[in-house]
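Given the sequences, and given the hints that come with them, work out the whole structure.
Protein chains: 2
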Amino acid sequence: MKNTLMIDRLSIEKMDKRFRTNLINCISGFKSLNLCGTISTEGVTNVAPISSVVHIGADPPLQGMIIRPVSVPRDTYQNIIDTGYFTLNHVQEGFYKQAHQSAARYDRDKSEFEKTGLTAEFINDFKAPFVGESIVKTGFKLIEEIDIRSNGTKMLIGEVIQMHIPESFISDDGYLDIHKAGSLTVSGLDGYYKTEIIDRLSYPKPDKKLESIG
Amino acid sequence: MKNTLMIDRLSIEKMDKRFRTNLINCISGFKSLNLCGTISTEGVTNVAPISSVVHIGADPPLQGMIIRPVSVPRDTYQNIIDTGYFTLNHVQEGFYKQAHQSAARYDRDKSEFEKTGLTAEFINDFKAPFVGESIVKTGFKLIEEIDIRSNGTKMLIGEVIQMHIPESFISDDGYLDIHKAGSLTVSGLDGYYKTEIIDRLSYPKPDKKLESIG
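Chains as they are written, first to last, in this note's numbering: chain A, -4 to 209; chain B, -4 to 209.
FYI, nobody ran anything at the bench for these hints, they're computed from the structure.
Be aware that a few hints might be false.
For chains that are exact copies, the list does not tell them apart, and a pair is met inside one copy or across any two.
[Said to hold, decoys possible] Pairs of lysine-lysine, DSS-like flavour, derived with a Cα cap of 27 Å:
#1 Lys200 <-> Lys189
#2 Lys136 <-> Lys204
#3 Lys203 <-> Lys92
#4 Lys203 <-> Lys175
#5 Lys105 <-> Lys189
#6 Lys204 <-> Lys92
#7 Lys136 <-> Lys9
#8 Lys9 <-> Lys175
#9 Lys92 <-> Lys105
#10 Lys105 <-> Lys175
#11 Lys204 <-> Lys189
#12 Lys12 <-> Lys149
#13 Lys122 <-> Lys136
#14 Lys189 <-> Lys175
#15 Lys204 <-> Lys12
#16 Lys175 <-> Lys92
#17 Lys136 <-> Lys149
#18 Lys189 <-> Lys92
#19 Lys12 <-> Lys92
#20 Lys149 <-> Lys122
#21 Lys12 <-> Lys175
#22 Lys136 <-> Lys12
#23 Lys200 <-> Lys136
#24 Lys105 <-> Lys204
#25 Lys110 <-> Lys136
And the structure:
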């Protein structure tokens, strides 16, 4: 029998800062792992790992991400506000260490692309750089900036402008097989994971048995 | 050589609705998978799968989730607004089909817990039900409701009030091993995945080599 802890609000407050940061960053569950590509008005490219991307809607095609303007990745935030564009690029196993390293606080006049050995790829005159190594890349235009009053963070909402995805990973029904593409998932601040398919399930209706559509 | 598609804004608009919904729901990357437990003012419990939970901050401990009030899971939204409390419960392989099924549009006077065979568990007088089957459970108090103007969705921000987690899954540094706990991750609307650890990496600093801390 496992010993289940009951952790209340007061014991969270009393935790060591690093302990609390690790624990609270894990309780949401597995997170998406993207590299966010941007460029400054001076032309310096920037790349930073983001695990806070969240689906907002499909029509119009919108994704959001949480960003802390006064902390890392502040360059990412400033570049998006200044230029209005950013890219999100799935991270695969071949470059997850560079992705993790790109979160280091480099000087603002240096490109994290150069520092980490990742490739800034400009495609079709899109204003922000994609990550050349990534298999699944999406370019966004900033359309809404939201203040989260509870802790001074922001949510940036981007509209999908263009996607670059190998055709073979897209099913007939539009499902994108990001497992086959090798996209990773992250837990907390630093735990990297591959995936293993269990199943795809049919649309749920009352009194109808679920079927595998995998 | 893989044939990489360039999908632009216009081709997204022209897509069949279901195709677009599947594709855009996949491009964020792997998502967390939680069951959200709530109760109505009439005492009817509700449970619904949520893949839009996002980390907002560790101090104070905050998580957010995107919710579409005019659609499923509207009961979840209304219950949270009415009572001010909700729970998020990681989904493991033993009950992922019930989790998926709980998204079906049941009548509002019936509990999805009963309909799907999941257990509504009330702990320590917390106002919202936890999911008895879940290994990682967190109870939240609603502290902020945010309108997303771009598409009429909302983000609800919850503050962590209590957590119920087996002690053996929490490392000395606070890292919660949700892989060992068996928590699943989801892609798109209906793809369920287990995970496989690659590594935990040390804190990234300029000019310092990353180390495995796994």
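Fill in: Copy assignment of Lys92 with Lys105, given that the CA separation must stay at most 27 Å
Only inside one copy: Lys92 and Lys105 sit 19 Å apart there, 48 Å across copies, limit 27 Å.
Worksheet item: At most 27 Å between C-alpha atoms: does Lys105 with Lys175 qualify within a copy, between copies, both, or neither?
Response: Answer is neither; intra-copy 34 Å and inter-copy 39 Å both fail.
Discussion item. With identical chains, the pair Lys203 and Lys92 could be close in the same copy or across copies; at 27 Å between alpha carbons, which is it: within, between, both, or neither?
Written reply: Result: close only across copies, 12 Å inter versus 45 Å intra.
Worksheet entry | Intra- versus inter-copy proximity for Lys92 and Lys12 (alpha-carbon distance at most 27 Å) | within (25 Å within a copy, 37 Å between copies)
Discussion item. One pair to classify: Lys204 and Lys92, alpha carbons no more than 27 Å apart. Within, between, both, or neither?
Written reply: between (43 Å within a copy, 10 Å between copies)
Discussion item. With identical chains, the pair Lys110 and Lys136 could be close in the same copy or across copies; at 27 Å between alpha carbons, which is it: within, between, both, or neither?
Written reply: Classified as within: same-chain Cα gap 26 Å, cross-chain 42 Å, threshold 27 Å.
Worksheet item: Is it within a copy, between copies, both, or neither that the alpha carbon of Lys136 lies no farther than 27 Å from that of Lys9?
Response: between (41 Å within a copy, 19 Å between copies)
Worksheet item: How would you classify Lys136 and Lys149 at a CA-CA limit of 27 Å: within, between, both, or neither?
Response: both (16 Å within a copy, 20 Å between copies)
Fill in: 27 Å Cα threshold - placement of Lys189 relative to Lys204
Between copies only: 23 Å across, 30 Å inside.
Discussion item. Please sort Lys105 with Lys189 into within, between, both or neither, judging by C-alpha distance up to 27 Å.
Written reply: neither (31 Å within a copy, 38 Å between copies)
Fill in: Intra/inter-copy verdict for Lys189 and Lys92 if alpha-carbon distance must be at most 27 Å
both (14 Å within a copy, 22 Å between copies)
Worksheet item: From the Cα coordinates, with 27 Å as the cut-off, is the pair Lys200 and Lys136 best called within, between, both, or neither?
Response: neither (36 Å within a copy, 30 Å between copies)
When held up to the earlier numbered hints, the structure conflicts with 2, 4, 5, 10, 23 and fits the remainder.
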